[in-house]
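K.L.:
Work out the full structure: start from the sequences and follow the hints.
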Amino acid sequence: MKATLILLLALVSSIAHATEHEEQSTQQQIGAMVQSLAVAIDSPSAKSVEVIANYGTDSRYYVMIRGWLVQELAGVESQLAAQGAQAEPQLIVKAKHLHTALRRIDLE
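Letter by letter, the sequence shown follows residues 623 to 730 in the working numbering.
Misleading hints may appear alongside valid ones.
Distance ranges between label pairs, derived from CB positions [as the list claims (entries may be wrong)]: (1) 654 to 692: 20 to 28 Å; (2) 679 to 718: 37 to 45 Å; (3) 714 to 682: 26 to 34 Å.
In case anyone wonders, no lab produced these hints; they're calculated from the structure. In this text the structure is predicted, and so the values were computed from the model without any measurement. Here a beta-carbon is modelled for each residue, glycine too, at the ideal position from N, C-alpha and C.
P.N.:
Here it is as structure tokens:
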């Protein structure tokens, strides 16, 4: 009886440890995704659009990523409107990049 109880406690402990490990792994994956997206959003290029599309077309993250892109675009467009004709070329490029990324995840 004592051996069975010890075995049961060991089993419960190992299941709890495995669940905790899976939870940490998921959190690390989401953290890596957010870091990759932050770099991709700030670095206009075809490769960056691919990174955004890879994560943004995943239905689990679509709403979060689309919202992030929309907010970034609103900020860039606000800066462009404030600067008028003297707008920095990098802001124009970033706005186009964000529009492209949004279209890409919306169409897939």
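K.L.:
Falls inside 26 to 34 Å, the C-beta gap from residue 714 to residue 682?
P.N.:
Once the Cβ atoms are compared, 32 Å apart, the range 26 to 34 Å for residue 682 and residue 714 holds.
K.L.:
Look at the Cβ atoms of residue 679 and residue 718 and judge whether their distance stays inside 37 to 45 Å.
P.N.:
20 Å, violated
K.L.:
Can the suggested window of 20 to 28 Å be confirmed for the beta-carbon pair residue 654 and residue 692?
P.N.:
23 Å, holds
Checked against the numbered hints above, the structure violates only hint 2.
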